[in-house]
Amino acid sequence: MGGRNQSRFNGQTGRRATICDWGAAVTVLFVGGGQEARTAMKQIAASDCGVHDDGCCTAMRWQGETSHYFSQNQLYNFIMMASSKLKFYSGIGPHSDSREVPGLDDALVTDRTKNYKKQNILKIGTWNVQSLGHRCKLDNIILEMKRYDLEIVGISEVKWKNQGDYWKEHHRFIYSGNETGDAGVGLILNKEWGNRVRNAELYSNRIMLVKLQLNDKEILNIIQIYMPHTGYSDEVIEEIYDQIDEVMDLTNRNEKVIIMGDWNARVGCQKDHVTGYYGYGDRNCRGERLIQFCKDKDLVIANTLFKQPLNRRYTWTNATTGNKSQIDFIIVKKTDQKSVLQSKSYPGADINSDHNLLFMKIRLQSKKKVRKFNNTVKFDLNKLKYTECKIRFQNAVRTSINGINDDEVPNTSNEKWNLLKDAIKNAAINTIGTTTNIPRKPWINQEVIDLIEERRKHKKRRNLEEKIRYKYFKNAVNRVAKTAKEKWLGELHNEIEECLKNGKMDTAYGLIKKFIGERTYKGNNTIEDEDGKLLFDDFEISKRWKNYVEKLYDANDELYDLNDEDVDVDEENMNNNDEISREEFEFAVNNLKPKKACGKDELPAELLKSLDVDMKDLLFNIIKEIHEKGDIPDDFKESKMLMLPKKTKSKKCSDFRTLSLLSHASKILTTIVKKRVEKKINVNLAWDQFGFQNGKGTREAILGLRLVIDESMRVQKPVYIAFVDLQKAFDNVDWTIMMKILKD
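Numbering of the sequence shown is given in the numbering used here, commencing with residue 1422 and proceeding in unit increments.
Hints were generated in silico from the structure; no laboratory data involved.
Mixed in with the good hints there might be a few duds.
[What the hints assert, rightly or not] Derived pair list, reagent style DSS-like, types lysine-lysine, alpha-carbon separation capped at 25 Å:
| id | residue 1 | residue 2 |
| --- | --- | --- |
| 1 | 2021 | 2050 |
| 2 | 2030 | 2095 |
| 3 | 1718 | 1782 |
| 4 | 1837 | 1799 |
| 5 | 1967 | 2067 |
| 6 | 2030 | 2045 |
| 7 | 1954 | 2073 |
| 8 | 1745 | 1728 |
| 9 | 2045 | 2095 |
| 10 | 1934 | 2070 |
| 11 | 1878 | 1544 |
[What the hints assert, rightly or not] Cβ-Cβ distance ranges computed for the label pairs, FRET-style:
| id | residue 1 | residue 2 | range |
| --- | --- | --- | --- |
| 12 | 1959 | 1786 | 12 to 22 Å |
| 13 | 2052 | 1959 | 26 to 36 Å |
| 14 | 2011 | 1936 | 30 to 40 Å |
| 15 | 2052 | 2122 | 35 to 45 Å |
In this text, a Cβ means the ideal position worked out from N, Cα and C, and glycines have one as well.
Input sequences plus hints: build the corresponding full structure.
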C-alpha cells in the first residue's frame, strides 16, 4: 500500500499489535489485548532497543479482556515515537521538531480543523538587506516573501532617512531611520497583517515596535532591532540594550513578544537556558551579553532550538574570507517556546546581501477579523459631471422619496433629514457607485524579475565561474532596473503634464502626491497621559482625548455681556428672526466647497448640489423648519474630530491640532446665519480691526506695519512693537476676562 508496516508478535499469547503509516496518516491496529499487547507496542516505539520511558508509552487505546481508554494527546505522543527512528532516553530525545511529525491528530481532524490550525500559524522572518537604497530592492523582498510564503519580514540596515509608513502594492512597509539615513530598521507585512497594525513606536534608527491585533484581546508585539557591529564600543552596546528594555516595558506581561534582527553577536553551540544545541560557531563577548539579556527577560533564541544542516544555521558570510557566522536571531518568550514550530535560515533567498533570510514558524492564538474603524464610503463623484449619470442619480432620489407611504411620513426635523439623507446615499451607491484606492503600478517589469531569479541561482558561488555569473547578473539587474525606472518616470511626467494642460489639477496633484508623498510617516495613535506614560489601549487613548478636549473647550463662566450702550445698533438690519428666503438658501448651497471631508452623515457637498429642484425644495423646507423651531438634527449637532500632528513623533495631546468635520448640510444653515450676523458685526468693528473681515486680513496688517516702519526709518524716529502671543487663542482663552480687560 506504499506505506510502512511494523509488527511485534508475542508467541505465548498469539496477540499482535501493528502500526501502519501511509503518507501523512498513521493508523493503529490492535489485535487482542492485555499486558502482552502493550509490551509489544512499547517494543515497536523503542525499535526493539529496550530503551524507553514508561511515562511516554501509554498513549494508546486498546481492547482486550477489559477496556482501557487513554487521552488523545497521550496517543498522539505515542504515535510520534512509533513513527520516529529516534531512540528515546529519560523521556527526552534530540530536538528534531517532532511536533510536526504526522500523528493521530492529522488522521482524525477534519479539513475545517486543518484550515483552522493553518490560519493560526504565522510565518515570519528577518533579514539584513544592506540598504534598500538600491533600485528594486524593496520589490525584490516582496518577491522573496511570495516565494517563501512569508507574511511578515523584519528588515535591518534599511538606510532610509526619517520615518515612513505606506503601502506598496498589497504590502505595508513601516520603517524607522534618522536624518542622515544611518542604520535603519523596518517591517514589511502582507495585506492581512498590514490591516492588523494597531500602532507603532518608531523608537530610533535601530529599534522599532509594532503592535498587531490578533483578536479582541490578544496583541502580538514585534520588535525589530539592528545592533551595532563590533567596531562600536561597549558603552554604545549597553545604551542600545537599555533602549530595548524601555521598548519592552511598553508591552504587557500577557502579550506575545517577538524580538528579531541583526544582533551582531555569536552565541555558539553551547546549550543553556536560552539556547539549544543547534547554534553555529563559537560564542563571543557580544554573545555573552545577548545570553545575559535573554536570561534577565526570560527569553529563548528560537533558531538555536531546531536541528538543521549547517547551511540552514548560519546567517552571515564574510564576503572577503568566506567565513560563516550566526549573528541574526529571532527571540521569543520562554512561555511561547512550545508554540515555535520551526526556525531556520534560507541561503537560497537572494537580495545581493551577505546575510541570509532567517525564518520562523510559530503557532498563535486564534485570529479574528479586525474591525475597521475607518469605514467611510467614498463615492465616485466624478461621474456627476456627466449629465446622464446625474439625471439617473436625481431620479433615484426622487423615486425613493415618492415611494414613502403616508403612515411613514416623518414628523420631526431629525426624522425628515434622516429620510432624505438615506435616500441620497442609497441613490448614490446604486447610480454612481464608490471608489477604491488603486495601487500605484510598479515600475519593475518581468525582465527585471527574471534577472533577479537568474542572480539567485548563482548565489552559492562555489567556484570562480559561478562568482563571475553572479556578478554579471547583479550588474544586469542594476542596469535594467535603472532603464525601467527612468522609462516609468518619463511616462509619469508626461501623464502629469497632460493633466496640467487639460486643467485636471486634482488628478495631477494626486499623481504627484502618490509618487513623492508615499514615504511620509503619518504618525500613530499612541499618546502620553498626563503623567507622560505612553498609552496603547484604544479605550485609554479615547478617554485621554476626551478629557483633553473637554478641558480645552471648557468655559467656567458665562460670557461677559455687553451693555446696550456699549454697542452701536443698526436698526435696519436688527431683525434676525425673519424666515429664510430661497435666495439665501441657494446662495448657501452654491457656496459649499467641493472635495471637502464629510461629517458624521458622510454626505459630500457634491451630492447636495446635484439634487433636482423638487429635492432641493424638500431640503429647503427642512432648513427652514430647523431655523424656526430650533429642532436641530443629530447629524448637525455632532462632528467628527481629527487629530493632526504638528510635528513628527507627536506624543502629547498639545502637539496635535484638533480639526472638527461638520455635516455639509449643517453648513447651509450656518452660512445663512453667518451672512446675517456679518451685517451687525461690521457696524461695531473698529477701523483698525484686522481679521474676520473681507479684504482686511493678516497680510494687510503686515503691509501696514511695514509702511509704518519704513516711514519711521525715513524720518529717523524709533518704533516700538509689542508682540503678544496667546497660546491656543481661539480654544482656551477666558473670553469673559478678555472682554473686561478690553473694556477697562
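Consistency of the hints with the structure:
Of the supplied pair hints, the one linking residue 2021 and residue 2050 holds, its CA atoms being roughly 23 Å apart against a limit of 25 Å. Restraint check for residue 2030 and residue 2095: the C-alpha separation of about 20 Å stays at or below 25 Å, so the hint holds. As the CA atoms of residue 1718 and residue 1782 are separated by approximately 22 Å, the hinted pair is consistent with the 25 Å bound. The straight-line distance between the Cα atoms of residue 1837 and residue 1799 is roughly 24 Å, inside the 25 Å bound, and the hint therefore holds.
Under the criterion of a C-alpha separation no larger than 25 Å, the hint pairing residue 1967 with residue 2067 is consistent with the structure, at around 19 Å. The suggested pairing of residue 2030 with residue 2045 holds, with an alpha-carbon distance near 18 Å, which does not exceed 25 Å. Taking the CA atoms of residue 1954 and residue 2073, the gap is near 10 Å; set against the 25 Å cutoff, the hint holds. Taken as a hint, the residue 1745 and residue 1728 pair is honoured in the structure, with Cα atoms around 18 Å apart against an allowance of 25 Å.
With a CA separation close to 15 Å, the supplied pair residue 2045 and residue 2095 stays within the 25 Å bound. Distance check on the hinted pair: residue 1934 and residue 2070 sit about 22 Å apart at the alpha-carbon level, within 25 Å; holds. For the hint pairing residue 1878 with residue 1544, the CA-to-CA distance comes to about 24 Å; that is within 25 Å, so the pair holds. Between residue 1959 and residue 1786 the CB atoms are about 19 Å apart, so this pair conforms to the stated range of 12 to 22 Å.
Taken as a hint, the range 26 to 36 Å holds for the pair residue 2052 and residue 1959, whose Cβ atoms sit roughly 34 Å apart. For residue 2011 and residue 1936, the hinted distance range of 30 to 40 Å is satisfied, since their beta carbons lie about 35 Å from each other. Residue 2052 and residue 2122 have their C-beta atoms about 42 Å apart, which keeps the hinted 35 to 45 Å range intact.
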